[in-house]
Amino acid sequence: MNKFEEELKKGNFITSECHKCDKIVWPPSEYCDNCFGNVNWRKISENGEIIEWSKKGSDVFCIAEFEKTIRIMGKLNTKNTDAKIGQHIQLSECSFNQGYRFIFM
Amino acid sequence: MKKVAVVGYGNTKFSTDDIPIESLLLESTKEVFNTTNNLSQDLIDGVIVSTNDNSKYLGAILSELSGIKPKISHTVEHLCSSGTAATVSAFSYIASGLADIILVAGADKSDNPGQVLDWDRSRGEFTRPIYWASMFTKAHKRKFNTTEEELAVVSAKNHKQALDNPHAYSHKAYTIPEIMNSKNITDDLRMLDCSYSCSGSSSILLASEDIAKKFTDSPVWISGIGQKTSSASFTKNDLTNLDTTKSAADIAYNMAKATANEIDVAEIHDAFSICELMAVEDLGLAKKTTGAEFVRNLFNTENRQINPRGGLIGAGHPLGATGISQIVEITQQLQNKAEKRQVSNANKGLVHNMSAAATSSTVLILES
Ligand SMILES: [Zn+2]
Chain A
1 MNKFEEELKK GNFITSECHK CDKIVWPPSE YCDNCFGNVN WRKISENGEI
51 IEWSKKGSDV FCIAEFEKTI RIMGKLNTKN TDAKIGQHIQ LSECSFNQGY
101 RFIFM
Chain B
1 MKKVAVVGYG NTKFSTDDIP IESLLLESTK EVFNTTNNLS QDLIDGVIVS
51 TNDNSKYLGA ILSELSGIKP KISHTVEHLC SSGTAATVSA FSYIASGLAD
101 IILVAGADKS DNPGQVLDWD RSRGEFTRPI YWASMFTKAH KRKFNTTEEE
151 LAVVSAKNHK QALDNPHAYS HKAYTIPEIM NSKNITDDLR MLDCSYSCSG
201 SSSILLASED IAKKFTDSPV WISGIGQKTS SASFTKNDLT NLDTTKSAAD
251 IAYNMAKATA NEIDVAEIHD AFSICELMAV EDLGLAKKTT GAEFVRNLFN
301 TENRQINPRG GLIGAGHPLG ATGISQIVEI TQQLQNKAEK RQVSNANKGL
351 VHNMSAAATS STVLILES
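Residue numbers (this note's numbering), protein chains in the order written: chain A, 1 to 105; chain B, 1 to 368.
Treat each hint with caution, since some may be false.
To be verified - List of simulated lysine-lysine pairs, DSSO-like, C-alpha gap at most 30 Å:
#, chain 1, residue 1, chain 2, residue 2
1, B, K236, A, K75
2, B, K246, A, K23
3, A, K84, B, K288
4, A, K55, A, K43
5, A, K10, A, K75
Unchecked claim - Stretches of chain B that chain A covers, calculated by requiring three or more beta carbons in the stretch to come under 8 Å of a beta carbon on chain A:
#, region
6, 126-132
7, 135-147
8, 182-188
9, 232-239
No wet-lab data here; the hints were simulated from the structure.
The beta carbon of each residue, even a glycine, is placed where N, CA and C say it ideally should be.
Make a model of the complete structure from these sequences and hints.
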């Protein structure tokens, strides 16, 4: 298990970033993909927006973007039957058991 | 750099049968030997296997089963475009003079592990290809007003064309309403808009210009190669453009000193209906925003220019074999040996093969 997975297991959604290059390193990695220096880890803002979405049965799934950089796919926990592009969402739950799981609201 | 030609080929039937990977590879290799003039084991300098199967050392295993003792032998894995990636490796060995004759054998089983990329964390629990395909389709509908019916035309055309491909998984034609009414996988994807993961194998024999004519009177030359990889994570992609396909096509056309309007016949990577609509535009075969109209016109006029063997949707998709099967089809077309599938006056052909939601693409130009 890497750092990202350890934290995800605890319900923390974190990213690597490089202070030297002043950039988010995503997907998470131990080294900066620009300078190969060591990364720092920090929590990602839980406020994101919907880039695209669709539905499987009654489940709305979508690509959400955080901090204008980090994109993940997750399930939208909503009473509505649809969603909107650019809609503001929050990461409400994340986990790592068999696989990764992200839930937005 | 030496010129390199396709001088022989073999296919198995694509199916959902559970067949050992070694048997699949041997089956299409046997076809190459059965159908290629003057070929003997001692002439082969290299055996390259393309697969997503977890078995090890398949280059050596296939060589032993075929009685070949090659100088070069190894496996190439690059998900759905493993086949063209292996072909580019073989091309390079021959062009550089390291080898003269190479067998490239691709195969996968229908339950192969190449369908899900575990590493791509960004997909969350939505790991299967149907989810990126739904995102592509939804985004395309939104941006270009693409309709369900326009998507169904792709599937109707490719299923119909597969009827004349004896190796295809599907031998059933579907009407546009049947496709539109097929089971909803998601709100944006119908069952019949998806390609099926199959068991199957395809092999080709590549040879240098010095010896190509020993095996065939009509070698088919690989005149252009373009490849591009942008990432492994799907979510970084632009959802309405196949950027890596565009880059790979530019490189390939440039190398072949050819333009898109010279392409007489093309095998393109229709993993899902939406992919064909995007690819015909990004390969320059149709103008931007006219992909759906272009494909509909082909369907209405029974023009087999795009995916004459039925594409992935009609022929099935044994991942490691797909790129090689596409090359076999274009070779047959340029040799005027494609029988009922034959496109008239085919002199220049194109192969488009991609991986993991177009994070990586290969484009090849072939000439008679
Ligand atoms: Zn850095």
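Evaluated hints:
Proximity of B:K236 to A:K75 is assessed by CA-CA distance (about 18 Å); at most 30 Å being required, the pair is judged to hold. Distance check on the hinted pair: B:K246 and A:K23 sit about 28 Å apart at the alpha-carbon level, within 30 Å; holds. About 26 Å separates the Cα atoms of A:K84 and B:K288, which keeps this hinted pair within 30 Å; it holds. For the given pair, A:K55 sits about 29 Å from A:K43 by alpha-carbon distance, which is consistent with the 30 Å threshold.
Between A:K10 and A:K75 the alpha-carbon distance is near 19 Å, which keeps this suggested pair within the 30 Å criterion. With a threshold of 8 Å between beta carbons, the proposed coverage of the region 126-132 of chain B by chain A holds, since 3 of its residues qualify and at least three are required. For a cut-off of 8 Å, the count of residues in the region 135-147 of chain B with a CB near a CB of chain A stands at 5, and the three-residue condition holds. For the region 182-188 of chain B, the stated coverage by chain A is satisfied: 4 residues place a CB nearer than 8 Å to a CB of that chain, which reaches the threshold of 3.
Here's how the region 232-239 of chain B fares: 4 of its residues keep a CB closer than 8 Å to some CB of chain A, so the rule of at least three is met and the hint holds.
When held up to the earlier numbered hints, the structure conflicts with none and fits them all.
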